[in-house]
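Colleague: Could you put the whole structure together from the sequences, leaning on the hints where they help?
Those protein sequences? They're chains S and D, same order as listed. If you're matching positions, the first sequence starts at 1 in UniProt numbering and goes up one per residue. If you're matching positions, the second sequence starts at 1 in UniProt numbering and goes up one per residue.
Note that these hints are calculated values from the structure, not bench results. Small disclaimer: the values here were computed from a predicted structure and weren't measured.
Calculated lysine to aspartate or glutamate pairs in the EDC-like style (CA-CA distance at most 16 angstroms, straight line):
#1 S/K303 x D/E431
#2 S/K126 x S/D343
#3 S/K303 x D/D43
#4 D/K75 x D/D94
#5 S/K303 x D/D244
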Amino acid sequence: MSDLIAAFSRFFCSLRLTVVLLVMSMVLIFVATLAQVQLGVYGVQEQYFRTFFVLARIPNTEIPLPVFPGGYLIGGFLMINLVAAHVHRFQFTWKKAGIQLTHFGLIVLLVGELVSGLLQEDYSLKLEEGQTRNYSESFRRNEVVIIDQTDADFDDVTAIPESLIAAANPIQHAKLPFRVIVRGYYPNANLAMLNQLPAGAETANLAPNPSTAGMGPRLGLFPAPLTYKDNERNLPVALIELEGAEGSLGIWLVSPMLVQPQTFDYAGRTWSVGFRFEREYKPFSLTLLELKHDVYVGTQIPKNFSSRVRLQSADGTEDRESLIYMNQPLRHQGFTFYQYQMDSANGFSVLQVVHNPGRALPYIACILMSIGLTWQFGFHLLRFTRRRNNSAA
Amino acid sequence: MIRIYSISVLAAGILYLLAGLRPESSDAGFDLDGFARLPVVADGRIKPMDTVARTHLLTLQGRQRFKTEAPTEIKRTPTEWLLDVFYRAELADDYRHFEIVHPGVLDVLGLTPEDGDGKKRFSYNQMADHLEELDRQATMAQGIEAPARDVFQRAVLQTRNRIIAYQQLKHSLVVPDGRNFLSQLQQLQDELPAGVEAVRARSSDADHDDALANRMIDAGQAFMQLDQYAAMLPLPPLGEDKSDLAWQKTGRALLGAFQTGMVNPYALTYAAMGQAWRDQDAETFNKLVELYSAQLQGDFGDRLRKTSIEATFNQAEPFYRSSVLYVVAFLMAIISWLVWTRPLQKYGAQLVALAWVATTIGIAIRMWLEGRPPVTNLYSSALFVGWGAVGLCLILERIYRNGIGTTAGGLIGFGTLLIAHHLSLQGDTLEMMRAVLDSNFWLATHVIIITIGYSATFLAGFLALIYVVRGVFTKSLDKATADALSRMVYGIVCFATLFSLVGTILGGIWADQSWGRFWGWDPKENGALLIVIWNAIVLHARWGGIARTRGIMALAVFGNIVTSWSWFGTNMLGVGLHSYGFMDAAFWSLVAFVLSQLVLIAVAYVPAAKWRSADRLARG
Numbered sequence: 001m002s003d004l005i006a007a008f009s010r011f012f013c014s015l016r017l018t019v020v021l022l023v024m025s026m027v028l029i030f031v032a033t034l035a036q037v038q039l040g041v042y043g044v045q046e047q048y049f050r051t052f053f054v055l056a057r058i059p060n061t062e063i064p065l066p067v068f069p070g071g072y073l074i075g076g077f078l079m080i081n082l083v084a085a086h087v088h089r090f091q092f093t094w095k096k097a098g099i100q101l102t103h104f105g106l107i108v109l110l111v112g113e114l115v116s117g118l119l120q121e122d123y124s125l126k127l128e129e130g131q132t133r134n135y136s137e138s139f140r141r142n143e144v145v146i147i148d149q150t151d152a153d154f155d156d157v158t159a160i161p162e163s164l165i166a167a168a169n170p171i172q173h174a175k176l177p178f179r180v181i182v183r184g185y186y187p188n189a190n191l192a193m194l195n196q197l198p199a200g201a202e203t204a205n206l207a208p209n210p211s212t213a214g215m216g217p218r219l220g221l222f223p224a225p226l227t228y229k230d231n232e233r234n235l236p237v238a239l240i241e242l243e244g245a246e247g248s249l250g251i252w253l254v255s256p257m258l259v260q261p262q263t264f265d266y267a268g269r270t271w272s273v274g275f276r277f278e279r280e281y282k283p284f285s286l287t288l289l290e291l292k293h294d295v296y297v298g299t300q301i302p303k304n305f306s307s308r309v310r311l312q313s314a315d316g317t318e319d320r321e322s323l324i325y326m327n328q329p330l331r332h333q334g335f336t337f338y339q340y341q342m343d344s345a346n347g348f349s350v351l352q353v354v355h356n357p358g359r360a361l362p363y364i365a366c367i368l369m370s371i372g373l374t375w376q377f378g379f380h381l382l383r384f385t386r387r388r389n390n391s392a393a
Numbered sequence: 001m002i003r004i005y006s007i008s009v010l011a012a013g014i015l016y017l018l019a020g021l022r023p024e025s026s027d028a029g030f031d032l033d034g035f036a037r038l039p040v041v042a043d044g045r046i047k048p049m050d051t052v053a054r055t056h057l058l059t060l061q062g063r064q065r066f067k068t069e070a071p072t073e074i075k076r077t078p079t080e081w082l083l084d085v086f087y088r089a090e091l092a093d094d095y096r097h098f099e100i101v102h103p104g105v106l107d108v109l110g111l112t113p114e115d116g117d118g119k120k121r122f123s124y125n126q127m128a129d130h131l132e133e134l135d136r137q138a139t140m141a142q143g144i145e146a147p148a149r150d151v152f153q154r155a156v157l158q159t160r161n162r163i164i165a166y167q168q169l170k171h172s173l174v175v176p177d178g179r180n181f182l183s184q185l186q187q188l189q190d191e192l193p194a195g196v197e198a199v200r201a202r203s204s205d206a207d208h209d210d211a212l213a214n215r216m217i218d219a220g221q222a223f224m225q226l227d228q229y230a231a232m233l234p235l236p237p238l239g240e241d242k243s244d245l246a247w248q249k250t251g252r253a254l255l256g257a258f259q260t261g262m263v264n265p266y267a268l269t270y271a272a273m274g275q276a277w278r279d280q281d282a283e284t285f286n287k288l289v290e291l292y293s294a295q296l297q298g299d300f301g302d303r304l305r306k307t308s309i310e311a312t313f314n315q316a317e318p319f320y321r322s323s324v325l326y327v328v329a330f331l332m333a334i335i336s337w338l339v340w341t342r343p344l345q346k347y348g349a350q351l352v353a354l355a356w357v358a359t360t361i362g363i364a365i366r367m368w369l370e371g372r373p374p375v376t377n378l379y380s381s382a383l384f385v386g387w388g389a390v391g392l393c394l395i396l397e398r399i400y401r402n403g404i405g406t407t408a409g410g411l412i413g414f415g416t417l418l419i420a421h422h423l424s425l426q427g428d429t430l431e432m433m434r435a436v437l438d439s440n441f442w443l444a445t446h447v448i449i450i451t452i453g454y455s456a457t458f459l460a461g462f463l464a465l466i467y468v469v470r471g472v473f474t475k476s477l478d479k480a481t482a483d484a485l486s487r488m489v490y491g492i493v494c495f496a497t498l499f500s501l502v503g504t505i506l507g508g509i510w511a512d513q514s515w516g517r518f519w520g521w522d523p524k525e526n527g528a529l530l531i532v533i534w535n536a537i538v539l540h541a542r543w544g545g546i547a548r549t550r551g552i553m554a555l556a557v558f559g560n561i562v563t564s565w566s567w568f569g570t571n572m573l574g575v576g577l578h579s580y581g582f583m584d585a586a587f588w589s590l591v592a593f594v595l596s597q598l599v600l601i602a603v604a605y606v607p608a609a610k611w612r613s614a615d616r617l618a619r620g
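Modeller: And the structure:
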C-alpha cells in the first residue's frame, strides 16, 4: 500500500510530469489559436479552455469523442503537480525562496483565472445621447419575459432564462395565471415579413410557424446556423403557448428582433410577452450626456472615443459626472464600465459592464512572480559574477 | 599595430555612417533638399515631403529610388520623383513604378511581364485602359472579409490601392492635366470679385460676361476635383488656429477664394514652384523654396524644424547603414573562428557596437518624432527586438570576449533590420496609434518588456544555433567555448523567462484596465503565453536533468519557432484585438524560417561522434 502511495507521490511530484503538462498546454493553446479563425474567441474559450476535454464529433454523427485534454484538466493537473511538488520538497532556503515565491504566484494566477472563468459577468449597456438606463444586457444570454403592464407606474416582470425555454418543459409560475408551454425553439433564426418576401423567394427553408396571436402569423421563420463570430450574436426565436384555466390563449412568436411589445388582456389585466437580451438591474443609473469620436487629422483613423455620463444612485446618495474613454473606465460598486463601441453618426455609445470578484488575483500574482523571478535570477547572476571575479583574480 | 588597424576599422565604420548625412543634390542646381524638408500633414501627422516621397516609392515599388533599366533609363531621387508626380504628371504617368507580379492581376490589366521594367514594374499609362475592369475586380474582392481573401484578391486590392494613392498624390498641389495652373490662379486673383458677380448674374439670367463666368466655373470645377481626389493637407492655416487640425487640402483652400476674394497664398506658392519645376528653372524654384521656408519660420518654425530633422533622418538611413555594418561584423566573427582570431573578434565587436549605437540613435529619433515609447507597431518591434538582442550580445561579448556575442549580434542585428525593411513597404512607419492602443504608459511597460522577452528568446535560440553549426560543421568548437555557450544559453533563457512572463502578465493587466478582462485567449496573448511556457519548459527540463547540453540547445532553437509564431504568425490569423499588424506576404518567409530551424534541430541530433568538433569537445 505504501509503495502505491510512494509511486503516486513520485508521479505527481515529478518534474517530468511538469514538462509533459507544459508541452500539452502549448499544444492546446496553439490549436485553440488556430481554431479561433472559425470559432471566434468565445467559442474557443468554451470548447478548449473552460472544459475538461476537447471534443470532436465522429464524422456524420452527433456523437462527441474526447480527443485532447481541455484547459481545466491540464490546468488541474498542473496545479496538483505544483502543490504536490512543493508540499513534498518544501524546504526554506534563501537560495530557493525566489523559485517558491514564483510558483506560489503561479498558483494564485491559476486560481484567479478559474475564479474569473466561473464568476466574471460581462454585460453591455447601450445608451443613446440623453438616454438613462439602470440595467445592462447580457452579451450572449436571452430571456423570455411575461410582463404585467396593468399598473401605469411599474411593470411586474416574470423572466424565464433561455436555458429553460430550450429544455421545453411546461412552466408554471406563481405570479402567472397561465401555464407557459414551449411549442418551438430555434437558438438562432432570421425573421421576415411574409408579405414582403421578394417574389420567388426560397420558401423551402421556412420553418413551421404555428403561431396564432400577436405578430407571429405575419412572419416567416428561417432557422440559421449558430454563429461564433465576435461581432455577431445568436438571435433565438421561441413559439410560446399560454394556457389558462379555460384552455389555450394562443401561440406567440417571440424573438429579441421584435422590439415592439406584443400585448393582450387576460384575467382583467394587461400583459405583454417577449424575448429579450437578459437584463441585470443595478441600484444606480447612467445617463449618456455626450459622446465624442475623434479622428487623426485628414484621416479616418480613430484617435479617441469618449462618453460623458452621469451616474445617479437610486437612493440619492450619489450623483456625479464621469468621462469614460479608451483605457479609462468608470468603476462603481464592483462594476467597471468600459468604452466598447460607438456610433457617433447615430448618436449612441455602447459600454461594456464587467463584474469580476477575482479581479485582484492576477495583480497579486504578477507582483509575487516578478519578485520571485527577479530574486532567483538575480541570485544566480550575483553568484556567477562573483565566481568570475574570483577566477579572474 | 593591431591598435592602429582597430582604430582604422572603427573610423571607417563611423565615416560610412556619417556619409548618409550628405544632402540630396541635383545636377541642375535645384534645392531639392530644401523642398524635401517642407512640412505637410498626411496620414494624421506632420511630416516632410521627403517622407511622403519615400513612403510612396516603397509602397509602390519596394525601393526608395526610382530608376528604370535601359533603353529608357530614368533615374530620380525621391524628391525629384515626387516633384514629377506633383507637377509633371504627364511624365510621371509614363514612369514604370508600379510593381505588379501576380499573373492574374497582369491579366486583368492586359499586361505581360515583358511589358514591365525589370519584368515587374509598370506605368500608369500602361494600365489606364483597364482601370475599370481592375476596379470591378477590386470591388468584388472587397466584398469578402479580409482573412478570407485569396492571393489574387489581395493582389487586386493592393494594386488598386496603389493606383489610388498615386492619384491622390498627383492631386495634392496642382491640377495634373498639364495646364498652366499658376497663371490660372493669378488670373483668378485679378478677376475674382467681378467673376463671382458674373456667375451670380448668369444664374439669375442677368447681363454678364460669359467668358469670365466660364473661367470662374472652370476654376471652381478644377478646385473641386483637387479637393475630391487629394488626401494630403499641404497648406498651413492662415487663420488664428495654428494647430495641425487646421491644415488644408489645396482644393479646399482654393475653393475658399470664392468667399474670401483671395487666392490662398500658400497654394499660389506651391503652384509657382510647380511652374518653375515644369520650366526647369532652378533659380526661381530655389528662391520660392527659400521664401516659403522663411515664411513658415514664423508660426510654423517648430514644425519645420521637426520635419527637417525627419528628412535628415530619412536621408541618413541609419538602419540600412547599420545593417551593412552588422553583416561585415558577422563575417569577421565567422572568419575569426578559423583564422586571425583575436584581431577579427575585436574589430567585429567594435562594428557591432557602432551599429548598435547608430540604431539606438535612430530609434531615439523615431521616439522623439512620434512622442511615443519605442514600440508602436510591427515595424518598430522589429527594430527593438534587434536592438534588445544586440544589446545583450554586447554584454555577452564583454564578459566572454570569444566572438560569440559578435556573431549572434551581427546575425540578429542584420536579420531584424531586414525584417523591418520588408515591413516598411506597407506604408509610413511612424503611423498614428489607434484609439485602443493609445496609452503611453502601457506601451512603455508591457510592450517594451514583452519585446525584450522576444529579443532574449531569439538570442538564446541563435546562440544555440552557433553551438550546433560550429560543433557539427566546423572543428572550431572546443570544450571551453561549448561550456561558455551552454552557460550563455541558460542565462539568457532565465532572462527571457523573466521578461516574457512579466511582460505577458502586464499585458493582462492592461487588458483588465482597458477592456475589462485579464485574459481573453486572443491569438497574440496566446503567442506570448507560448513563449513563457516554452522558456519554462527549457528551465524545468534542465533542472530535472531531462535534457542535457545538446537537448537544451535543440530546445532553445525551437524557441526561435515559438517566438516567430508569436511575433508574426499570430498576426497572419487576422483575428483578435491585436491584429493591428496584419500582413500576408510574410507567410512563406515564416514557413521557410520554421523549416530551417527544424532542419537545424535535426542536425543537432547527428550522433556526437560524427560532429566535426567531436575530438576537441571530448579532449576538453
